[in-house]
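Engineer: Each chain is listed here by its residues.
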Amino acid sequence: AQSVSQHNHHVILSEAASLELGCNYSYGGTVNLFWYVQYPGQHLQLLLKYFSGDPLVKGIKGFEAEFIKSKFSFNLRKPSVQWSDTAEYFCAVNDDSSNTGKLIFGQGTTLQVKP
Amino acid sequence: GAGVSQSPSNKVTEKGKDVELRCDPISGHTALYWYRQSLGQGLEFLIYFQGNSAPDKSGLPSDRFSAERTGGSVSTLTIQRTQQEDSAVYLCASSPRRWETQYFGPGTRLLVL
Numbered sequence: 001a002q003s004v005s006q007h008n009h010h011v012i013l014s015e016a017a018s019l020e021l022g023c024n025y026s027y028g029g030t031v032n033l034f035w036y037v038q039y040p041g042q043h044l045q046l047l048l049k050y051f052s053g054d055p056l057v058k059g060i061k062g063f064e065a066e067f068i069k070s071k072f073s074f075n076l077r078k079p080s081v082q083w084s085d086t087a088e089y090f091c092a093v094n095d096d097s098s099n100t101g102k103l104i105f106g107q108g109t110t111l112q113v114k115p
Numbered sequence: 001g002a003g004v005s006q007s008p009s010n011k012v013t014e015k016g017k018d019v020e021l022r023c024d025p026i027s028g029h030t031a032l033y034w035y036r037q038s039l040g041q042g043l044e045f046l047i048y049f050q051g052n053s054a055p056d057k058s059g060l061p062s063d064r065f066s067a068e069r070t071g072g073s074v075s076t077l078t079i080q081r082t083q084q085e086d087s088a089v090y091l092c093a094s095s096p097r098r099w100e101t102q103y104f105g106p107g108t109r110l111l112v113l
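Here the protein sequences come in this chain order: A and B.
For the record, in the first sequence the residue sitting at position 88 is 88 according to our numbering, with numbers rising by one throughout.
For the record, in the second sequence the residue sitting at position 111 is 111 according to our numbering, with numbers rising by one throughout.
Zero decoy hints are in this set.
Some chain B residues judged to face chain A by a derived CB distance under 8 Å, without partners named:
id, residue
1, A31
2, G42
3, F45
4, D56
5, L91
6, R98
7, T101
8, Q102
9, G107
Derived from the structure by calculation, the hints contain no laboratory data.
For clarity, every value in this text was computed on a predicted model and none was experimentally measured.
Backbone N, C-alpha and C fix where the C-beta goes; we use that ideal spot for every residue, glycine too.
I would like the entire structure built from these sequences, with the hints used as guidance.
Structural biologist: Next comes the structure, spelled out in structure tokens:
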């Protein structure tokens with residue numbers, strides 16, 4: 001079965017620091033990759049996605065992620081975080097084996113940005 | 001436009017009672033998914049609907065869990081004889097078709113006492 005691993009469970013940064021959150025997945029075939037964000041008290045929102053094409057994808061609020069097929073990775077980056085980026089971040093992959101498009105999620109990373 | 005809505009937003013019930021959770025997907029979305037978010041287990045897939053049929057129920061944790069979808073729209077997740085371990089946030093997501101971006105609702109927070 002596919003799995004998704006997020007390396008950092010809890011990250012604390014000061015405003016203006018750079019962010020990189022790691023994500024690795026287990027499946028070797030064609031994948032669709034996603035980063036979702038859950039702000040405090042809000043529902044899951046899509047940050048960015050990769051389906052095909054340019055492996056460097058840009059999302060909302062200045063976030064970007066790079067798909068590296070050889071490393072089975074899809075790390076999330078932001079050059080300069082803001083206090084409002086405090087949230088929980090989830091990496092996810094479509095489970096291709098089931099042919100349903102269901103998502104397999106990582107355990108999530110809680111980001112706390114200090115003002 | 002309107003997003004995915006779920007009701008109730010919170011539900012407190014006693015162990016052994018049945019509960020029904022409702023999901024209204026985005027209009028026109030044929031694919032509908034239920035997930036569960038709990039401490040220690042993260043986000044887990046429960047069931048997938050394509051139209052009114054459920055070709056993948058592999059994530060339902062026991063036969064106490066069932067779901068249906070009617071009219072290719074509203075879906076109901078039913079948990080019978082609730083147990084304390086059923087306490088979690090139940091999330092619904094819809095997408096125009098499978099494999100496309102899933103849009104999530106706000107969830108129903110279920111607490112079983």
